[in-house]
Amino acid sequence: MICDRARRLFGACWDDELTQAERDWLEGHLASCAGCRTEYDEFSRTLELAGSLPRAEAAPGLVDRVLARTRRSATAPDVVGETRGRWVPAFAAAAAAVLTVAGALLLLPHSPWRTPTDPAAVQVAGVTGGPAVATMVSQPATKPAERTGTSPRIEAGPANDVFDHNADVEFILDPVTLHRGHATVTRAGSRRTGVGGGQAIISF
Amino acid sequence: MDRVAADDEKAFTELVRRFQGRVTNLVSRVLNDRECADDLAQEVFVRVFVHRRNYRHGSKFSTWLFTIAANLAKNEIRRRVRRRNWFSLDALQDMLKDSVIQLADPTESRETTLEREQLQATVERAIATVPEKYRLALVLRDIEGLPYEEIAEVLGIPGGTVRSRINRARGMLKRKLQPLLTTKAGTP
Numbered sequence: 001m002i003c004d005r006a007r008r009l010f011g012a013c014w015d016d017e018l019t020q021a022e023r024d025w026l027e028g029h030l031a032s033c034a035g036c037r038t039e040y041d042e043f044s045r046t047l048e049l050a051g052s053l054p055r056a057e058a059a060p061g062l063v064d065r066v067l068a069r070t071r072r073s074a075t076a077p078d079v080v081g082e083t084r085g086r087w088v089p090a091f092a093a094a095a096a097a098v099l100t101v102a103g104a105l106l107l108l109p110h111s112p113w114r115t116p117t118d119p120a121a122v123q124v125a126g127v128t129g130g131p132a133v134a135t136m137v138s139q140p141a142t143k144p145a146e147r148t149g150t151s152p153r154i155e156a157g158p159a160n161d162v163f164d165h166n167a168d169v170e171f172i173l174d175p176v177t178l179h180r181g182h183a184t185v186t187r188a189g190s191r192r193t194g195v196g197g198g199q200a201i202i203s204f
Numbered sequence: 001m002d003r004v005a006a007d008d009e010k011a012f013t014e015l016v017r018r019f020q021g022r023v024t025n026l027v028s029r030v031l032n033d034r035e036c037a038d039d040l041a042q043e044v045f046v047r048v049f050v051h052r053r054n055y056r057h058g059s060k061f062s063t064w065l066f067t068i069a070a071n072l073a074k075n076e077i078r079r080r081v082r083r084r085n086w087f088s089l090d091a092l093q094d095m096l097k098d099s100v101i102q103l104a105d106p107t108e109s110r111e112t113t114l115e116r117e118q119l120q121a122t123v124e125r126a127i128a129t130v131p132e133k134y135r136l137a138l139v140l141r142d143i144e145g146l147p148y149e150e151i152a153e154v155l156g157i158p159g160g161t162v163r164s165r166i167n168r169a170r171g172m173l174k175r176k177l178q179p180l181l182t183t184k185a186g187t188p
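Those protein sequence lines, which keep their order, are chains Z and H. For the first sequence, counting from 1, position 89 maps to 89 in my numbering; every step adds exactly one. For the second sequence, counting from 1, position 160 maps to 160 in my numbering; every step adds exactly one.
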């Protein structure tokens, strides 16, 4: 037990971190305990050997090589910024595409997300060379018996429907404004119906 | 460092000159690979230059420098472990022989020189086999002579952990050098 305590102090003794009382006690113990004295000699010898290794000198020309590299790096463009700039629009475009497909699925007649009473028929059109436009053309919902009639009765959609299915509605998924770190998709209102538009912000 | 941050090349050159030996020695002892140590020392100073404006004035420059060096050395060790491409210790011994001879006392006999070289090679080999996290702490303390507080900052660990790592590393090194110590201990 006393030897354990003494051996725990070897490191602090070597680092000259012992109090005077601790040092006196340790020296007293080492004088009377051959085992601990041998242990301390070996411990000291180990650290002497480690500390006496020749210092590795820097390679000749290290300064010049470092300077050459730093000069090159100082003139190099900021690749981090470029990399970030490349993936942000790609990711945002992918997010916008997902939104478009999700919107289209919602509007399909047999979509599992639609309510059975939903009367709308949907036509989705993309405009090439310009802003992508998803157009939903609402067809009047008619009962089979009324299809032959001369004046079909038009029924409004269910209350949970956010659109007026008796009118044509356009989703304009453009312009897509990209900012670093997030994409903002502006959805304009219908040109014909004047239904108010909204703005979707995708953050990632 | 203010001048370096302001793109003063002369100041940076002076800084590299002043610290190149310590950085090379540190990475050389941790990696036990002289050639790689030179490349890594170069990389350390390039990193210092690239991140010169990130240096916080509250801490010592040497602490920041050693942190970069220690991290690069750790990365290198891990890269080697991943690739299982450990260098040959015998090759290392051959490489070190040249520098050892250069530093040898010209008055000592051939036999003494040989004995000292063998001893140094054994110690280097023993240090190289101490596990990385203990080795780094050991080299920073017992070879570079950094205070415990600075080692804690360099390694990003609490002071108590530094002490325990150094104690364990010293114990490991002592056990590895035991055959040498039993014959040498007690001799003047």
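Please note that the accuracy of each hint is not assured.
Stated by the list, open to error - Now the in silico label distances, taken between C-beta atoms and shown as ranges:
| id | chain 1 | residue 1 | chain 2 | residue 2 | range |
| --- | --- | --- | --- | --- | --- |
| 1 | Z | Ser73 | H | Ile157 | 27 to 33 Å |
| 2 | Z | Glu22 | H | Arg18 | 36 to 42 Å |
| 3 | H | Phe61 | Z | Asp15 | 21 to 27 Å |
| 4 | H | Ser59 | Z | Ser73 | 19 to 25 Å |
Since the hints were derived computationally from the structure, they do not count as laboratory data. Everything numeric in this text was worked out from a predicted model, so none of it was measured. Glycine included, every Cβ here is placed at the ideal spot set by N, Cα and C.
Evaluation of the provided hints:
1. Distance hint check: the CB atoms of Z/Ser73 and H/Ile157 are about 31 Å apart, consistent with the given range 27 to 33 Å.
2. Taking the beta carbon of each, Z/Glu22 and H/Arg18 are about 38 Å apart, inside 36 to 42 Å as hinted.
3. The hint said 21 to 27 Å for the Cβ distance between H/Phe61 and Z/Asp15, and at roughly 24 Å that hint holds.
4. As the Cβ distance of H/Ser59 to Z/Ser73 is approximately 24 Å, the hint placing it in 19 to 25 Å holds.
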